[in-house]
Structure formats: C-alpha cells, structure tokens
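Fit chain B to the given chain A structure using the hints.
If you read the protein sequences in the order shown, they are chains A and B. 59 is the number of the first residue of the first sequence in our numbering; add one for each residue after it. 59 is the number of the first residue of the second sequence in our numbering; add one for each residue after it.
Some hints could be false.
One copy or two, either will do: identical chains are not told apart, so a pair holds if it fits within one copy or between any two.
Unchecked claim - Restricting the straight-line Cα-Cα distance to at most 25 Å, the calculated cross-link-like pairs of lysine to aspartate or glutamate (DMTMM-like) are:
#, residue 1, residue 2
1, K107, D265
2, K205, E234
3, K107, E207
4, K205, E133
5, K107, D121
These are calculated hints, taken from the structure and not from any lab test.
Number of protein chains: 2
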Amino acid sequence: MPTASLLAIGNELLNGVVRDANLFALSQYLTQMGFSVDYAAMVRDDPTKIAHGLLFLLAQQPDVLLCSGGLGPTEDDLTLSALAEALQLPLALNSTAADLVENHYDRLLTQHYLTQRGPTFARIKMAMLPLGATPLPNPVGTAPGVKLEHQGTVIYVLPGVPAELEAIFAASIAPELLHRFNPGTWAEHTLLVHCDDEADLAIPLRDVARRHPDVYLKSLAKPFPAASVEGLQVIAGALASTAAEAHAAAQATLDDLRRTAEAAGLSVGEIHASTD
Amino acid sequence: MPTASLLAIGNELLNGVVRDANLFALSQYLTQMGFSVDYAAMVRDDPTKIAHGLLFLLAQQPDVLLCSGGLGPTEDDLTLSALAEALQLPLALNSTAADLVENHYDRLLTQHYLTQRGPTFARIKMAMLPLGATPLPNPVGTAPGVKLEHQGTVIYVLPGVPAELEAIFAASIAPELLHRFNPGTWAEHTLLVHCDDEADLAIPLRDVARRHPDVYLKSLAKPFPAASVEGLQVIAGALASTAAEAHAAAQATLDDLRRTAEAAGLSVGEIHASTD
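So that you can see chain A by itself, here it is in the shape it has in the complex:
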C-alpha cells in the first residue's frame, strides 16, 4: 500500500483563525485512491519550522508528500525557500513557471478582472523554484504548484487556497498518482452498534479485527448519553484491486462484527456503504 504524508503551512491554521480544510480534503482523496496517509502536520510561516516539518515527514520515507500553503506573493509565503533550504538546493527562476504566471495575468487582463499585472517582484517570486522542480499549472489562481522528487519521495507543493489546491490536485496530481502507484480501490462500510458503553464492544471488535487483518476496522467513540441514543458507528474500510472486492471485504468484516456483537448481547443496525 503506497504511503502519503501531508504538511499544511500557515499561522492562521495554528492561531485558530482558519480550521484546516486542505489536510482533510487531501486525506479523503488519497485514501479513496488507495494510499495510507500516515502523518499530517501543520506549521507556522517560519522558515525553520517549515524545514523541521518537511525533514521530519521526509525522514519517514513516504511515497508522496503533499504540502499546502505559502506559495503566494506576500513576504510570509516562505514554503519554496524553506523547501530549498531543507534539501540544500538553490532557488532559481523557472521559465515555465514564469510563463504560467504571465499567462494567468494575460487571462485576467483579457477578461477585465484586472487592469494591470501584479508587481514584478511578486511575479518573479512565484516563479522561483528549487532547482530541479517542475511547475504545475494553476487553473484558478496565480501561483503554480510545484513538483520535486527527493530520495524516493515525490513532493508536491500546492497553494493554500482550497479552490486552487483542489484544481491543481485534480488536473495534475491525481492522474499522475493513479498512473504511477496504481494503488487500487478503497471501499468503506459502516455499522451502527447500540451499546451503552464503548468498553462492551472492545472484545468483539478485537476478535473481528484479528479475523480480518487486512481490513481497517474502527469504532468512533461518542460521549454519553449520545452513544446509547445514537449508537456507536463502526467503520470497515478495505483496499483491493477492484471496487467489488473492496466492498466485499468491508461487508464481510461487518457481517462478522454483526454476528459477534449480537452473540455478545448487543443490538446492531444496518450496514451501509459509505463510499461508492
């Protein structure tokens, strides 16, 4: 199973001003594409802290590292310089990136969104990439995404604006990941178990997990009294080369859990597929 790690950069994420959306969206996309997302981190707009975060995540040797934020024109957009510093690469003007930035301004001028280009230093800043990096077109914003390979990890750097991140991911990254890692299809089913106390489910869950070691099985704890009223949600997720096999494995695991929980005196609800 290929692995992925994520890094989101921005003071606003750690000040409680903005609730993370990018790590959550990328976790969903990558999981559904069959990756195990092992680590995700958020760091402030500080070159040393960005570099520490990058080096920690790279040290775990994920197949893919996706970073978001800090690509824009303002002085606190430091991600590419921190990446260059962490990997001891020089920053250099990338002519393809410079063309992407200019083309974006051409579009905005043609469509009368703007009456003039941004300042020269800002346009140059967004085209300065670590040496060896490839820019990725940004269909909805100015700053291009960036791709860089490093010691077996493919690093992608994306803007922090969710619409730009999602557009670049969909257009450039998802097709490449599917082609390169071909990880399979992920399916998830859920089952509601009516028990007053999560502790009562501990042994059934453990036994079922041991009988289905390749299926991801997890109960989502809830506070009293919600757990007894609404039930505890148990998720079974499976990865397989076809969707049918993945669904069958998740379903079989929850069928087993239903029998095991009922034998332990618990009542259970219906099994639902939560992914297609």
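Using the frame of chain A, we list chain B on its own:
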C-alpha cells in the same frame, strides 16, 4: 511568549472520515491564552508512528505538548503505551486513575445510564499510566486525562471525543496553564481590503509589518473572483499583559495598514475586533 505543540491521534483523522476539531479548538484556546502554537500533527493509531510524532514534537522543546485521542478501552487506543515507550518509562496501574474510572462507573450506574460496569480489562487499561504521570478527572467520560512532565515540557494527553477533551481542558488544564505561564492576553482585529489581486497588497503589508514587528499580521488569500467581490481579510493579532494594550496594538497596526493601503490606491473597509 510560551510555546505549545499539538498531536492528534487516530486513523479516522487521516482517512478523511473525521475532520479535525480538536487541534482547531486547542489552537484557539491556547492562542487566546497567549501561547504561540508552533506545530500540530496528526498520526495514525500505530505505536511507532505515535512515538515518532511525539519525539518530533518534543525535540522542538515546546513549553506545553497537548495530545488527543487513543485513551479509550479498545485495542487500537495506544497513546499511553506509545508515550511510555517513547520516553522509556514503564506503564503502571495508577490507583488515582483507577478510582476515577470506578467513580465514573458508579455515577453511570446510580443514574441508570448503565446496568453494569465495563469489562475489568477495559477499566484497568484506562488506569495504566506511564510511571510518574498524574491523572486528570474526566467530568463527562470514562478515561481520565493524563499529565506528565518531561525535560521542560508539560505533556497533557486528552481523550479524542471533543466534549471530553474540552471538559478536561477547561476544568484542569486552562487554570494550570494560566497560573504557570501567565502569558497575557491576545486580541485580534480584522480589516477588509478591496483589491483585485493579493499581489497589490504585498508591499503595503510588508511595510506595515516592519513598523509593527511585535504584531502578527496576515492576509487570508481568496480565489478570484471572490477576492475582488468580498475583499481580502487582513488580521492583526497582538499579545500584551492587559486586554486594553493588546487591542490598542492590533488597532494601531490596522490603522497604519489602512493609511498605507489607501496611499497605494486601494480601498479599505472598517476595522473590527474579532476577539474580546
């Protein structure tokens, strides 16, 4: 300014099943209490990955490290054993923690939420703490929180259920942090700047930031055309020993930005205090 780091533990956070709420809530509380939250991370329910995350965050020597998740009775609740392993401490039955667990079951039985206690192994598991740790009462759930000091960092471990995390934070942790670090008061003001292109704001922002080095100043990028319609939100946050001083510093910085942006031909909106 005291520093804090955060770690959230749980596969569901990295599978895209649950969108993080705990890191976001803790970031807000700690920022408003005057901490700089430097790093936040999420890791899967895997003892090695939990230990890697803990050791990375501890290596940055924060004053406080807050962890959430993985304290419950099920077999995938691994946080305390991973913490003990990472710090090379034995796990031992803590009698105060055992009493807290039993008292919680007493309350649930008395109030007729339950008709019997949870399984013995589950009650014992929640009372096995790294040697030297102190349990923190959980006003709304079974598993106690945990406090442990390690090489200048105070580590707090909290349940992942948001209601339990927030109750323990409010009852036991916030008063202790305020007493111990007395960091001051944080105030934040926001200003809406109407410009078509964030790049046009780069120089005014840079100049104002240099004139107010102790104030946190940040523009929140928006995609086109939302930026030109709604404006770009700029946040100024300041820490001071009194609320009045913190508000004055944030306000003075945005007054300066308003003048600087207007001189650069941009139109700006009203300044609002976003914290009290």
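message: With identical chains, the pair K205 and E133 could be close in the same copy or across copies; at 25 Å between alpha carbons, which is it: within, between, both, or neither?
response: within (22 Å within a copy, 39 Å between copies)
query: Checking K107 and D265: alpha-carbon separation at most 25 Å within a copy, between copies, both or neither?
result: Answer is between: at 23 Å across copies they meet the 25 Å cutoff, but 42 Å inside does not.
field: Alpha-carbon proximity between K205 and E234, which holds within one copy, between copies, both or neither at 25 Å
entry: So K205 and E234 pass the 25 Å test inside one copy only (11 Å; across, 45 Å).
message: Regarding K107 and E207, is the shortest C-alpha distance of 25 Å or less found within a copy, between copies, in both, or in neither?
response: Both: 21 Å inside a chain and 23 Å across chains, each within 25 Å.
query: Under a CA distance limit of 25 Å, which applies to K107 and D121: within one copy, between copies, both, or neither?
result: both (22 Å within a copy, 16 Å between copies)
In this structure, every one of the numbered hints holds.
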